[in-house]
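Next come the chains, spelled out residue by residue.
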Amino acid sequence: MANFEAEGGTTRDDLVQRVALMETMIAEGRRSTIRFGWIFVLWGLIDLAPVGWQLVVPHSDWVEIWSWPIAIACGVAIQFLGMAILRRRSSVACSSSMRGRSISAVWAMMGLTAMLYFAGAMISHKAWQISFAAAMLMFVGMAHGTSALILRWKAQGVVACVWWIGGIALFFLSYRYWLQIFASEMCFGMIGFGLYAMWLERRNRAAEGQTNA
Amino acid sequence: MPELPELDPVIHGKLRLAVLSLLVGVEEADFTWLRDKTGSTDGNLGAQMMKLEEAGYVAMQKHFAERKPQTLYRMTPAGRKALAKYVAALKRLLGGAL
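Protein sequence lines correspond, in order, to chains P and L.
For the first sequence, this note's numbering assigns the number 1 to the initial residue and increments by one for each residue that follows.
For the second sequence, this note's numbering assigns the number 1 to the initial residue and increments by one for each residue that follows.
Extracted from the complex, chain P is given alone in its bound form (with noise of 0.2 Å):
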């Protein structure tokens, strides 16, 4: 880290430290310690965990209709239970800026949107409709092409275009390649996508790390 202890110093060379010192700190200052790769993992699993579900035990009326609430509500428990268990882990310190507040709300609206446009379908029979599922595909797809446009992040951008295109194909292709279209887009989409944010953390924690010793 910077030495801070000369203070005044106003020749061509501590003027050009200055710039330095700057440029670091606020590429420092921007860098995200947010862990959310986990998030993805996590929801990938919980969507294809009905999905088994309803393989393992076909034909049960009990299970097709409750193992998505289930799952959702698996889901939802543990993301906050996990989100809780970080942020005690973690000290208290931390910073806020507009973009990590502007991913996390579109985030955070696409689930309540994607949660309250599932109930509606579901209270209504009306889930099994092509529609539905691509409207479904074209949330997350939504979501990731706007996170990535804030984040100007390349890979995130492809993942959103892989939705996307789920999505389109499933009012092309027949009913019964939902399951291959929906199985695909999780692993990639979610959990893919997740293992590769969670390995970036990772490698970011560890240059942080090598920085500060």
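Because the hints were derived from the structure by calculation, they are not lab data.
Since the structure is predicted, the reported quantities are computational estimates derived from the model, not experimental observations.
No residue lacks a Cβ here, since even glycine has one placed at the ideal position from N, Cα and C.
Any given hint could turn out to be false.
To be verified - Where chain L lies over chain P, by a calculated footprint (3+ residues, C-beta under 8 Å): (1) 96-103; (2) 176-182.
As the list claims (entries may be wrong) - Sample of chain L residues with no beta-carbon within 12 Å of chain P, all distances over it, derived: (3) Gly13; (4) Met50; (5) Glu54; (6) Pro77; (7) Ala78.
Fit chain L to the supplied structure of chain P, relying on the hints for placement.
Chain L only, in chain P's frame:
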């Protein structure tokens, strides 16, 4: 010959400049985060934050987060203006090399 601009002595201190540069990219940050990022000590950072507060460049707010006391700092509009002026002065002194 044009007169060389003066650098704001409050901002020119390295630790204070580091803190302002960190705060410029975030809405608010707590004392511990600033201390960790700058690698300074509690005492030194506390003293420098007081100088920035007295100059009106940062605003401080104390509250409790999960029963732990937390001191949050945010840059004021005057602080942003002063930092922008400082950067402009630096640019002129370095001959537009920035």
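Going down the list of hints, with the structure as the test:
1. Remark: the stretch 96-103 of chain P is confirmed as covered by chain L, as 4 of its residues place a Cβ nearer than 8 Å to a Cβ of that chain, reaching the required three.
2. A count of 0 residues in the stretch 176-182 of chain P with a Cβ less than 8 Å from any Cβ of chain L is obtained; the coverage claim is therefore unmet, three being the minimum.
3. Distance check on L/Gly13: its Cβ comes as close as 5 Å (rounded) to a Cβ of chain P, failing to clear the 12 Å threshold; non-interface status is violated.
4. Even its closest Cβ contact with chain P, about 15 Å, leaves L/Met50 beyond 12 Å, as expected for a residue assigned away from the interface.
5. Remark: the non-interface label on L/Glu54 is consistent with the geometry, its nearest Cβ contact in chain P lying 16 Å away (cut-off 12 Å).
6. Consistency note on L/Pro77: stated as away from chain P, and its beta-carbon is indeed over 12 Å from all of that chain's, at 15 Å minimum.
7. L/Ala78, annotated as away from the interface, keeps every beta carbon of chain P farther than 12 Å; the closest lies near 18 Å.
Violated hints for the displayed structure, listed by number in ascending order: 2, 3.
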